[in-house]
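Turn these sequences into a full structure, and let the hints steer you where they fit.
2 protein chains.
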Amino acid sequence: MSKKLTSRDEDYSKWYNELVVKADLAENSAVRGCMVIKPYGFAIWEKIQAELDRMFKETGHQNAYFPLFIPKSLFEAEEKNAEGFAKECAIVTHYRLQNDPENPGKLRVDPEAKLEEELIVRPTSEAIIWNTYKGWIQSYRDLPILVNQWANVVRWEMRTRLFLRTAEFLWQEGHTAHATKVEAVKEAELMNNVYATFVENFMAIPVIKGVKTDSERFAGAVETYCIEALMQDGKALQAGTSHFLGQNFAKAFDVKFATQEGKQEYVWATSWGVSTRLMGALIMTHSDDHGLVLPPNLAPNQVVIVPIYKNDEQLEEISTLVNVIMGELRSKGITVKFDNRTTFRPGAKFAQHELQGVPLRIAIGPKDLENGTVELARRDTLTKEVIAIDNLTETVEGLMTEIQNTLYKKALDFRDSHITEVDDFETFKTVLKTKGGFISAHWDGTEETELKIKELTKATIRCIPSDMETQSGDCVYSGKPSNGRVLFAKAY
Amino acid sequence: MSKKLTSRDEDYSKWYNELVVKADLAENSAVRGCMVIKPYGFAIWEKIQAELDRMFKETGHQNAYFPLFIPKSLFEAEEKNAEGFAKECAIVTHYRLQNDPENPGKLRVDPEAKLEEELIVRPTSEAIIWNTYKGWIQSYRDLPILVNQWANVVRWEMRTRLFLRTAEFLWQEGHTAHATKVEAVKEAELMNNVYATFVENFMAIPVIKGVKTDSERFAGAVETYCIEALMQDGKALQAGTSHFLGQNFAKAFDVKFATQEGKQEYVWATSWGVSTRLMGALIMTHSDDHGLVLPPNLAPNQVVIVPIYKNDEQLEEISTLVNVIMGELRSKGITVKFDNRTTFRPGAKFAQHELQGVPLRIAIGPKDLENGTVELARRDTLTKEVIAIDNLTETVEGLMTEIQNTLYKKALDFRDSHITEVDDFETFKTVLKTKGGFISAHWDGTEETELKIKELTKATIRCIPSDMETQSGDCVYSGKPSNGRVLFAKAY
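Read top to bottom, the protein sequences are chains A and B. So the first sequence is numbered by the numbering used here: it starts at 1 and just counts up by one. So the second sequence is numbered by the numbering used here: it starts at 1 and just counts up by one.
Bear in mind the hints are in silico, worked out from the structure with no lab data behind them. One should not assume that every hint holds.
Remember, identical chains collapse to one label, so a pair may be satisfied in a single copy or spanning two.
[As the list claims (entries may be wrong)] When the alpha-carbon atoms are kept at most 20 angstroms apart in a straight line, the in silico SDA-like pairs for lysine to any residue are as follows:
| # | residue 1 | residue 2 |
| --- | --- | --- |
| 1 | Lys57 | Arg330 |
| 2 | Lys87 | Pro101 |
| 3 | Lys87 | Asn99 |
| 4 | Lys72 | Arg32 |
| 5 | Lys337 | Gly60 |
| 6 | Lys57 | Pro300 |
| 7 | Lys490 | Glu216 |
| 8 | Lys114 | Arg159 |
| 9 | Lys337 | Ile145 |
| 10 | Lys72 | Asn99 |
These figures come from a predicted structure and were not determined experimentally.
So, in structure tokens, the structure goes:
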């Protein structure tokens with residue numbers, strides 16, 4: 001199999017799919033729409049998890065685990081205030097296989113082993129969690145509950161793409177319960193800010209914070225906060241959402257608490273989540289035609305060292321030096337791998353590490369041993385440099401920060417140059433077609449206009465930005481009055 | 001709800017169930033046989049996970065993620081060499097709910113949305129993983145594959161108990177692929193040793209290493225290595241297993257590799273796992289009638305500090321001191337919580353921390369401020385002591401080690417005093433009934449005898465110990481010749 005990727009210009013979508021598979025991030029499985037996350041891809045996801053988990057705990061949250069299955073009746077309770085909730089889910093109806101009496105060697109579902117009540121594989125866990133919280137909450141002393149869960153969820157998507165939209169995906173879902181509306185709103189905003197900080201500082205992906213319109217809001221939410229990122233092909237990607245759920249779930253599952261004054265009141269709720277979709281955002285923000293580009297914060301190996309040698313003696317000499325270098329780099333918290341595989345030649349190793357986005361490659365050959373130098377190759381700029389080995393550790397340390405910052409800056413420049421203020425619908429369509437990106441335009445606030453624009457252009461309102469300035473204007477489609485600009489884009 | 005537990009003597013099983021719920025470890029859910037792992041219980045599981053994950057990585061393994069679902073046809077392929085594999089699984093047959101036309105407000109499974117092929121919710125992942133490995137392995141250069149997965153699995157158990165046997169549980173499953181039999185056997189043994197080291201050193205639970213008999217072996221395995229622990233009620237608990245799978249799965253899924261010499265050979269395999277069952281082992285090894293007892297390594301809070309005060313001024317003075325103490329303890333890597341909740345009195349806090357097994361409690365009151373002392377209460381020995389505050393950090397540090405060791409020693413003494421050498425079947429039955437524990441007895445090596453003993457006594461052969469001495473004798477049941485003693489016990 002050729003390691004070379006289709007270029008982004010040629011076919012962006014093909015480039016993406018090839019990169020995911022060839023860089024060993026993930027692949028399709030024998031199960032329709034479900035992916036295998038390969039060790040290298042999973043190592044990146046573990047870095048995402050670890051940092052987010054740290055941030056959740058720092059803001060007072062604890063992890064817990066709730067059942068994979070949700071009885072159909074709990075779904076019905078939720079359904080009352082979430083009519084729009086998707087019903088494409090995996091449904092368990094039976095609990096036993098048996099040898100098929102008509103086909104020796106084959107198995108069949110035992111028709112006798114039918115469940116009394118069907119179980120839904122969780123597409124999200126509000127229903128089972130709020131049904132559980134009912135038992136945990138009696139009085140104000142039991143509040144707040146600040147719980148998060150790392151879990152797999154299943155949504156029966158018809159058209160799937162690795163990381164971006166898969167039938168099963170991994171995510172975290174926070175579910176909190178509060179005594180007051182003010183506190184719950186504050187929590188939903190806090191977690192959206194946590195996501196923004198994480199995605200920007202850790203993943204080097206700039207985002208716009210805002211809230212969703214009525215039609216794009218999570219069913220059952222009163223307000224949906226979100227962070228929106230921009231991919232290289234000019235399409236937006238929703239990177240995380242945080243919902244203020246009001247008392248909707250408390251009412252659906254009858255969860256009340258005794259206030260300090262002894263009154264019975266419904267509990268206020270939030271939920272918030274990010275998923276393995278972030279891997280898609282990572283790839284489509286930083287990568288290039290040579291493969292993955294990783295910000296140092298997310299790289300399983302920040303540095304890889306490749307020895308160039310002609311004989312065992314040279315390899316041994318290089319190895320001795322590399323051990324010293326690795327010790328120093330590790331003492332500074334830098335992850336480094338010595339790629340001393342004898343089954344691959346240096347060229348093949350270079351190609352692999354480039355494809356897999358290792359931020360910095362160090363090559364050491366006999367000449368370097370003589371001269372006291374090493375060759376550094378940056379993945380982000382694809383530049384090489386021979387430097388003296390003396391201050392290697394400081395140089396590498398500095399480069400880690402610089403690469404992280406450079407990637408963020410580059411993505412930010414791209415994003416900022418792809419926000420276009422537009423005041424008439426013809427320009428709206430032209431910009432969308434020729435340049436893409438976010439279109440900042442006036443909107444009359446009606447769902448009718450929003451849906452009409454979507455129908456005509458496939459662009460949706462990604463968010464009403466948190467920092468939207470009040471500004472009167474005319475709706476870009478209807479011409480009706482508007483009091484501020486919202487962001488439209490085509491989206492993943 | 002009373003916080004007091006039923007005593008172990010009165011009803012061991014009831015004590016266990018009450019402890020799990022009252023100590024906030026887990027509870028039953030709305031889904032038959034599935035549990036909710038509560039934040040406190042999950043925090044303990046996270047400690048187990050973190051340490052095991054570290055050990056897996058240290059021994060060269062990487063994490064990955066495979067689909068939750070397994071198509072029925074893959075099960076059939078596996079079935080050929082694993083006839084005995086349990087078929088009690090959750091089966092997904094449909095992918096859509098719809099509003100029930102006959103019952104407004106209710107949902108039903110859309111009969112049109114039937115899957116072409118049923119999907120099994122993974123009870124274990126050999127089938128889907130080996131079907132994937134087929135694509136990963138071409139030559140010896142692709143081996144070994146050393147992969148682990150942290151996942152939820154489902155087995156449709158009829159009789160469930162929190163942590164010990166639940167329909168859904170959390171576990172890790174390692175799945176490795178090797179070029180040679182020797183290497184695979186070594187891996188299976190290595191991982192059983194990793195489990196033993198972890199359970200003994202980290203969880204303070206002594207275990208016996210050994211292999212399973214033919215009838216107790218995992219279906220599809222050539223050899224099953226295991227670690228067996230002994231619970232306080234004299235029943236054994238299998239704490240972990242590691243399987244040498246031979247070439248069985250490679251053959252079932254046609255996974256061959258080109259050797260260095262260019263020959264095509266089937267790949268050798270292992271799999272190994274531990275689960276949330278370890279939480280059950282933890283509880284039943286160390287806890288007492290007052291509640292959970294945690295070894296410091298597994299305690300979410302190793303130390304809790306409770307202030308005793310009559311007014312805000314005293315609380316403030318105590319808090320100032322506590323901040324200093326916490327800073328010092330944390331600098332030594334000790335996790336400490338200041339329980340300054342104003343909604344609970346000290347007595348209630350003491351009771352809660354005792355029930356939840358916090359290894360060390362520090363109480364500080366006005367008298368202590370005057371005298372420069374604090375009160376230490378050890379959970380394991382239930383002893384209290386007033387000590388000078390001067391060398392508190394050193395004392396606490398020392399106690400962490402001491403408590404960990406004391407718990408292990410106590411469990412080891414109990415275990416060792418419950419291994420009884422028995423040479424006739426009458427004594428076998430009496431010991432089992434009166435004392436329980438492991439019975440070390442000669443066995444003729446036949447499945448017939450093993451099953452007969454199980455039928456008559458409910459005791460099974462837990463393992464053929466790794467350190468079994470060759471010793472000729474007569475089978476405790478049949479009188480036929482035997483060449484060593486194996487360990488029988490009733491088991492969870």
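Status of each hint after checking the structure:
1. Lys57 / Arg330: Between. Shortest inter-copy distance 16 angstroms satisfies the 20 angstroms Cα cut-off; intra-copy 26 angstroms does not.
2. Lys87 / Pro101: between (34 angstroms within a copy, 15 angstroms between copies)
3. Lys87 / Asn99: between (32 angstroms within a copy, 9 angstroms between copies)
4. Lys72 / Arg32: between (24 angstroms within a copy, 13 angstroms between copies)
5. Lys337 / Gly60: between (35 angstroms within a copy, 13 angstroms between copies)
6. Lys57 / Pro300: between (23 angstroms within a copy, 13 angstroms between copies)
7. Lys490 / Glu216: within (13 angstroms within a copy, 58 angstroms between copies)
8. Lys114 / Arg159: between (30 angstroms within a copy, 18 angstroms between copies)
9. Lys337 / Ile145: Classified as between: cross-chain Cα gap 18 angstroms, same-chain 42 angstroms, threshold 20 angstroms.
10. Lys72 / Asn99: between (29 angstroms within a copy, 12 angstroms between copies)
Violated hints for the displayed structure: none, as all numbered hints are satisfied.
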